[in-house]
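*Asks:* The residues making up each chain are set out below.
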Amino acid sequence: MAPSPLIALKGVDAGYRHSLVLHGVDFAVDHRSFTGIVGPSGAGKTTLLRLLLGSLKPASGTVERAPGVAVSYVPQLETVNWNFPITVAECVQMSRTGRRLPWASRTERAEVADVLERLGIGDLGQRHIRELSGGQQQRMFLARALIRQPQVLLLDEPTSGVDISTRHDVLHLLADLHDEGIGIVLTTHDLNGMAAHLPDLVCVNERIVAQGPPDAVITPDVLEQTFGARMEVLQHLGMLVVVDSSGPGRLAG
Amino acid sequence: MEALLDPLQYGFFQRGLIVATLSGALLGFIGVYIVLRGMSYIGHGLSHAIFGGFAAMQLFAASFYVLGAGLWGIASAIAITNVARRSRLGADAAIGVITTASFALGVALFARFGSSGPAFDNALFGSILGITNSQILWLVLVTAFTAIVVFTRYRALLFTTFDPEVADVSGVKVGRTEALLMIVLSLAILVTLTVIGVTLVAAMLVIPAVVARMLTDSFGRMLVLSTIVGAISGLVGMYLSYYAGVPSGTMIVLVGTAVFLVVLAITGVRGMRRTVGLDSHAAPNVKEAIRP
Chain A
189 MAPSPLIALK GVDAGYRHSL VLHGVDFAVD HRSFTGIVGP SGAGKTTLLR LLLGSLKPAS
249 GTVERAPGVA VSYVPQLETV NWNFPITVAE CVQMSRTGRR LPWASRTERA EVADVLERLG
309 IGDLGQRHIR ELSGGQQQRM FLARALIRQP QVLLLDEPTS GVDISTRHDV LHLLADLHDE
369 GIGIVLTTHD LNGMAAHLPD LVCVNERIVA QGPPDAVITP DVLEQTFGAR MEVLQHLGML
429 VVVDSSGPGR LAG
Chain B
3 MEALLDPLQY GFFQRGLIVA TLSGALLGFI GVYIVLRGMS YIGHGLSHAI FGGFAAMQLF
63 AASFYVLGAG LWGIASAIAI TNVARRSRLG ADAAIGVITT ASFALGVALF ARFGSSGPAF
123 DNALFGSILG ITNSQILWLV LVTAFTAIVV FTRYRALLFT TFDPEVADVS GVKVGRTEAL
183 LMIVLSLAIL VTLTVIGVTL VAAMLVIPAV VARMLTDSFG RMLVLSTIVG AISGLVGMYL
243 SYYAGVPSGT MIVLVGTAVF LVVLAITGVR GMRRTVGLDS HAAPNVKEAI RP
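Chains as they are written, first to last, in the working numbering: chain A, 189 to 441; chain B, 3 to 294.
For reference, chain B alone in the conformation it holds in the complex:
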């Protein structure tokens, strides 16, 4: 008990604990849609793309770097979607080119000009140090926005995830729904970046959702379970990070991985069978018509 209460006497740990738990829950929640759409690679790519915006905006617009990096991430997400849909370049290639270029730009900017905000290593692997109240506020706002989007667009998101072509002819605005999901994803990555880290965000999008998929065949229950697994990983990972003295993102992902292994051992073949088909990368699902 003492081990649980001791770190709470420090303000930085209290803020870190709130952010890590909420980050885990948010990424676990949104990760269900990402994993079921076969977009895990987009989550990975987008976190790297946002890093470029994160670095650039800290240099050129220090006060507004969260907003700037968010816009950068959304622009990257839209660019990925458009390049993959409209050109002969495949979705994987488009993600690879756009996001690694953005990441490389971020590294170059950090190397050349240094940083006026969180340090380079913290951005890559996450840190519980230096979390401000405004970061907590951003995270709460994005979490609330995500919950509202999913609540009010639940059927459209489910329909476009399961069967985009039929959703399209059933009156769902598929393009708009996908754009909304990419915006939510970009914002979620952005506000969790400082605690989880660029290189590990994708893992927290994928692991809780895969664990939840192994446990249930119901979409609604999968959303709830994935959110809980993400939150627990964030909470436990933060304590372990404090005691082990390693970056928070690393421990959060390792806790998630441990949960995955335990669930895999319990559910066995049935659990593995449920995850079949979650590994396909995103690709345009509707062929583009010839323009008149």
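Extracted from the complex, chain A is given alone in its bound form:
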């Protein structure tokens, strides 16, 4: 029997100001979810994430949440003001919004130290956020999300702008968190590096084109409907590899 969803979107239309970005979306997240949302720029990936977060209200349809469900969000690294005067520990601590006093309690300081240690950046608490590498920055925001003890973790392009090694680390870290019972939903552009390794994919282009495991979803037909371009799907060492079939000479021609 499938677990009851923590967040469920039913027949949702949503968008900004006077234009709809998503139409007729049915989508559910539970504690077993480990889902990648893929699609071209402007397809509605971030809009879908915002609906799950609750920061965007649907124009029509319903968004149902389990009572008291805890959701944390990790933003895109590119959207962060890295020059903001704040240390790693201060950044993690700020999401404990229940405490009104400016300074951290002894318990809070211990919790922050624990979560930083768990994510492998325990010695960086007093560093300014600008002094971190891409992978460390991602871990800091994961720490800020995890200190709220979420049941669902939503990530916007968690591997955008990081190197292959960091991408690998982030993916494994997310897999570990998923094993601990946290439902995970992320957006990504990275079909080969990220999406093909996730157990569940959602292809989005103003609507949900397809959802399921990678070998069911990553097909030339679904990719063409999603990205508007013909792509080949190959098997390489047991992995799916997506290749742009327009070929190298197409632009010149």
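Each hint should be verified, as a subset may be incorrect.
[Said to hold, decoys possible] DSBU-like mimics (lysine-lysine), calculated; alpha carbons at most 35 Å apart, straight line:
1. A:Lys245 with A:Lys198
2. B:Lys175 with A:Lys245
3. B:Lys175 with A:Lys198
None of these hints come from the bench; they were simulated from the model.
Starting from the structure of chain A, add chain B where the hints point.
*Replies:* Okay, now just chain B, sitting in the frame of chain A:
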């Protein structure tokens, strides 16, 4: 030493010194949030908007002009925020239209009917003359209110300044927190207007915070340093204003600018690098959803 003690024999200078020092500290303190949010232009615009209320309320409600001008300023701040959020007009355009219209109305009212309170030039550039005990009391009350707001809402203010969207989904009432900040800002501008002056208030919101940012990478230390730089600028500026015979606001801002230049010379490239990104104007950070 004599130069420091001599002016203190005059009651008007004692009151001016208290108000200038406290004004500098208050604007320096609140300026940290304004500068880090890229809202420097709002501070500039709001001081001009409040001038309109200042002029109108002196004419129509002389006894309550501080309260009236305060409400006018808060209304302007809310109007700016709403126009920028809800219409296609950008934040800069909204500030430009609302605040300059309010300022122009204030100038027109002063020109047509004159003033029953502080003179026009004093309102524009600040003056140490004619500061009353009730003005000092208002300033102390607003400073205490600001300190209480920041103390009790420290994390919410920090979170919404750094990352409003994540703050929103983490349970912080972003709209309410921003409204509270605008109210504090409006009140701070209002009670410092008579000493610093409409045209120079924005400078005292920005300069101490930028100087503090050049000196530290810590948010908590930036709050403390900015408050100290503001207070010192107010104190020293007031003495220089007395001896040079020029408006107090002018000297306070010039002292702040001198501190800025000294710190810039000391911190060099590192200091300049820290201020990168402080110049963006405020803009709505969350797109508005289509209403069902």
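*Asks:* Just to be careful, I want the Cα atoms of Lys175 of chain B and Lys245 of chain A compared with a cutoff of 35 Å; is the pair within it?
*Replies:* holds, 16 Å
*Asks:* Within 35 Å, alpha carbon to alpha carbon, are Lys175 of chain B and Lys198 of chain A?
*Replies:* holds, 27 Å
*Asks:* For the pair supplied as a hint, Lys245 of chain A and Lys198 of chain A, is the alpha-carbon distance within the 35 Å limit?
*Replies:* Given that 35 Å is the threshold and the Cα spacing comes to 13 Å, the pair holds.
No hint from the list above goes unmet by this structure.
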